[in-house]
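Numbering (numbering that gives the first Met the number 0), first residue to last: 0 to 442.
Think of the hints as simulated: they come from the structure by calculation, not from any bench. Any given hint could be a false lead.
To be verified - Calculated cross-link-like contacts (lysine-lysine; reagent style DSSO-like; alpha-carbon spacing at most 30 Å):
(1) 28 to 48
(2) 48 to 245
(3) 342 to 238
Computed from a prediction, not measured in an experiment: that's the story for all the values here.
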Amino acid sequence: MTSRKQKSLSLQEKLNILRVVKKNLTRKKVCIAKELGLTLSTLNSVVRKQIEIEENARTLDVKCKQAWSSEHMQLDEAVFELFNQARAAGVNFDSTILREKALEIADKLGIDGFCASNGWIDRFKNRHGLCYCTVNVEAASVDTETVEAWKETVVQPSKTLSLNGEACHGGKCSKEQLMVLLCCNSDGSEVMKPCVMGKFRNSRCLKNIRHLPCHYNNNIKAWMTCSLFEEFLRDMGSKMGCQNRKVVLLLENCSAHPKDTASLRNVKVVFLPANTTSHLQPLDTGIIKNVKHFYRKCIVKRSLASVERGQQPAGVTILDAMHYLASAWSAVTAATVEHCFNKYFGADDTTEAVADGAFADCDELNTAMETVGASGIAYSDYASVDDAVVTSAMLSNDDIMAECADPCASDEDVEKEVERIPLAKILIEKLIGYQVIDSCIST
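Please work from the sequences and hints to get the whole structure.
Okay, structure coming up:
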């Protein structure tokens, strides 16, 4: 009997095996293994390590066959984040610069004896699937065409997804903020679960919560970064691949959006011309405005309910904010989304009132603002108070190192003064909060 030669599988091959197994749950694994040319033990091993494989696919090159970890993970993560930022900004990043930055960061992290040898650089490149090639100048610099010309030559209305996380350029950095990433298709029939970016990885209000209303991640400035956005793109590509679909994703040009997206198979990224986001981005034509309206409507009515009960309005936790955001996102109707995309595509649209219909209760909300102690502030100003807040930018070396060194360091600083509240009172407050959400959406 001839023994079968053991085959070393790449991450991509393992992901393909997992995809086949998911599609054939009723079939016997021995049949699937035979069809794929694998032994049953190899197939079972891949299925057993599914979580580990999917986690490695998020951070490593899918072509690699062995997930080698770095001796200095904090250094590795910091250098890779710096590389991603430089690539997104169109800055050349060769081995010399990589070595200099690695040595600089290692010194600040207090790593002794690190010399950024050629072997370390080669392993770093292999871990992250990096290679050096000639920069395509035409792709790196987007030609500033007129909006109409770009629409006529590039835009294909069908199967188009649009994405935005509010303004990425200019404005002030808020000390207390959550960044939100929204994505939907052109007729509103498919909306993706919101992604929320906060400052804290282990916020106390999120402990022991298994199912969050939104995807949550953290960053030292609550900004979207290139690495996190690449993770979003890979997740979207995996989802579309499982559904045997291909989509076009419209993106504006900002530092958090990676320019190299050629490896995506089921998602084609089309970048909007520079400095034309407000004219070209469908979500900026009214969709984000609607989400903010419904979200802050929940906040105002929640505060009003507290005042009417004779209580001081409580602060909004990250978990509260995600519940309100999920409800606000679901309250945006498909007709509103379609109207905003029609404005984007330049199509004749008679449903303009749909997008503005949600704001018919502003007078009532202005009265509520006065009741809760915000007299002199118009609700429309409150709803658009953070239109200019920055949601992405180049992180400094110190920011990157602080994030990699101790991402949870400031959690307790924010929550150490939180009052211990009896469990019964917490449950009552949550029930009241859900009632407020329902009343906000239904009225």
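Has the given pair, residue 342 with residue 238, been kept, meaning a C-alpha gap of at most 30 Å? Cα-Cα ~29 Å, so holds.
Check whether the Cα positions of residue 28 and residue 48 lie no farther apart than 30 Å. holds, 15 Å
If you draw a straight line from the CA of residue 48 to the CA of residue 245, is it 30 Å or shorter? Since the Cα atoms of residue 48 and residue 245 sit roughly 28 Å apart, the hinted pair holds (cutoff 30 Å).
Every hint from the earlier list agrees with this structure, and none is contradicted.
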